[in-house]
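Going down the list, the sequences are from chains B and D.
Oh and the first sequence: position 114 is 113 in numbering that gives the first Met the number 0, straight run, nothing missing.
Oh and the second sequence: position 75 is 74 in numbering that gives the first Met the number 0, straight run, nothing missing.
Please keep in mind that the hints were generated in silico from the structure rather than gathered at the bench.
Keep in mind that the hints are not guaranteed to be accurate.
Unchecked claim - Pulled from the structure, derived: some chain B residues nowhere near chain D, Cβ distances all over 10 Å: (1) GLU18; (2) ARG65; (3) ILE93.
Unchecked claim - So the derived label-pair ranges between C-beta atoms look like this: (4) B:SER92 / D:GLU62: 27 to 35 Å; (5) B:PHE38 / D:ALA131: 42 to 50 Å; (6) D:GLY60 / B:MET22: 35 to 43 Å; (7) D:GLU114 / B:LEU75: 24 to 32 Å; (8) D:GLU76 / B:ARG114: 33 to 41 Å; (9) D:PHE112 / B:ARG114: 43 to 51 Å; (10) B:PHE38 / D:MET165: 21 to 29 Å; (11) D:GLU181 / B:ARG122: 40 to 48 Å; (12) D:GLU181 / B:PHE38: 46 to 54 Å; (13) B:VAL82 / D:ARG18: 27 to 35 Å; (14) B:ALA48 / D:VAL4: 50 to 58 Å; (15) D:THR106 / B:ALA60: 32 to 40 Å; (16) B:ARG33 / D:PRO75: 13 to 21 Å; (17) B:ALA79 / D:GLY89: 25 to 33 Å.
Quick reminder that beta carbons are idealized off the backbone N, C-alpha and C, glycines included.
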Amino acid sequence: MGADDVSDEGNRVERFKSEVAGMKLRDPALKRDRALLVFGAVLLGVGVAVAIYGYALSHQATDDQRQQLDGITIGLVGVAVTVVGGALFLRYSIAQFLRFWLARLTYEQGAQTDRIVDAIGSRSTQDPPAG
Amino acid sequence: MTDAVPMLELRGLRAAYERIEVVRGVDLAVGEGEVVALLGPNGAGKSTTLKVIAGLLAPTGGEVRLAGRRVNGARPEDLARAGVCLIPEGRGIFPNLTVHENLRVATHTGRPFAELEAAAFERFPRLADRRAQVAGTMSGGEQQMLALARGLAANPALLLLDELSMGLAPLVVEALYEKVQEIASEGVSILVVEQFARVVLGVADRAAIMVRGRITAAGPPESLAEELQTAYLGGVS
């Protein structure tokens, strides 16, 4: 290892230490993910209700153009809230699904290992002694 | 290992997928320029441990410490920027991009691309011959070389290798581990997870055996032969 290598090594370690020291940390995101999932589902429901209300409002006001415009505006706001809620719900439910999928894979692999270990164990006890 | 603060230290680390606990109180340390092998059968929680260190999975308990600082909850991009590099199982290269393009992806560090590519080709001359080849059409060993070259382009201080030998011929695996030893001699700390132990024990400074989420034995590689047999072939309690 030459002088340059030694210097690179020192730089690497020092850089790592300073980067780690300056790193901003947050709390584990599990609780936040769940809260955002629920928030997305609520927004989805509220958005649909608001959109239906806006639609009904604009239909009831057959003679009042201002009320019709209000109804349309409320309806559009409802649609926008639905889209945002739907996006949030989809984002965090897919993350949850993927975690579940990984958990299932891990569990199945663990179970398979147990079966192999059991099979080898039972076979070695059944084998007659040599000689 | 010296008394210096380890580059990576796990203290009672726990991790779970939903309610299934996969890592159950792991204690492990990797010193500067040290190669530590984490071995164990399928489903032991080795890869999950690496995911937690790389910030891809939040720990449910315990601590991940880098250079003495507790970094639980750090984002993977921040950890990568700091110098933690995970080379995942399955290599993690872009199979539809060429070798040249795969290396170009690693230029986010601000290092000039020509310099980065020259360093990669100097370490892995075979990649220079494959420069314009689509990565997915290369052999498994060449793909693993590319994954290592791309990881090293970020000049990491801590390299996490997940099943480097998976699907590769024994001679290729030996050649790759020679490179791993060379990388460690440059001061990079390396934690390598392997299911098949023989070759990695030849290059590791220390090893630990993980079974069902727990470290069941740890120490110099030569002292672990018996525990390895127990872990793989039964006696798992």
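Comparing the hints with the structure gives:
Distance to chain D contradicts GLU18 (chain B) as a non-interface residue, since its nearest Cβ pair spans about 4 Å, not more than 10 Å. For ARG65 (chain B), the requirement that its beta carbon stay farther than 10 Å from each beta carbon of chain D is met, with the minimum near 49 Å. Distance check on ILE93 (chain B): its Cβ is at least 14 Å (rounded) from any Cβ of chain D, clearing the 10 Å threshold; non-interface status holds. Distance hint for SER92 (chain B) and GLU62 (chain D): a CB-CB separation of about 30 Å, consistent with the stated range 27 to 35 Å.
Range check, PHE38 (chain B) to ALA131 (chain D): Cβ separation about 49 Å, and the 42 to 50 Å hint holds. The hint said 35 to 43 Å for the Cβ distance between GLY60 (chain D) and MET22 (chain B), and at roughly 21 Å that hint is violated. A beta carbon spacing of about 54 Å between GLU114 (chain D) and LEU75 (chain B) contradicts the range 24 to 32 Å that was offered as a hint. Checked against the given bound of 33 to 41 Å, the beta carbons of GLU76 (chain D) and ARG114 (chain B), roughly 39 Å apart, stay inside it.
Remark: the range hint 43 to 51 Å for PHE112 (chain D) to ARG114 (chain B) is upheld by a beta-carbon distance near 50 Å. Here the CB-CB span from PHE38 (chain B) to MET165 (chain D) is close to 40 Å, at odds with the stated 21 to 29 Å. A hinted range of 40 to 48 Å holds for the C-beta pair GLU181 (chain D) and ARG122 (chain B), which are about 42 Å apart. The hint said 46 to 54 Å for the Cβ distance between GLU181 (chain D) and PHE38 (chain B), and at roughly 50 Å that hint holds.
Look at VAL82 (chain B) against ARG18 (chain D): about 32 Å separates their beta carbons, and that is inside 27 to 35 Å. In this structure the hint that ALA48 (chain B) and VAL4 (chain D) lie 50 to 58 Å apart at CB holds, the actual value being about 57 Å. A C-beta distance of roughly 60 Å is found between THR106 (chain D) and ALA60 (chain B), which places it outside the suggested range of 32 to 40 Å. In this structure, ARG33 (chain B) and PRO75 (chain D) meet the distance hint of 13 to 21 Å, their C-beta atoms being roughly 20 Å apart.
A C-beta distance of roughly 40 Å is found between ALA79 (chain B) and GLY89 (chain D), which places it outside the suggested range of 25 to 33 Å.
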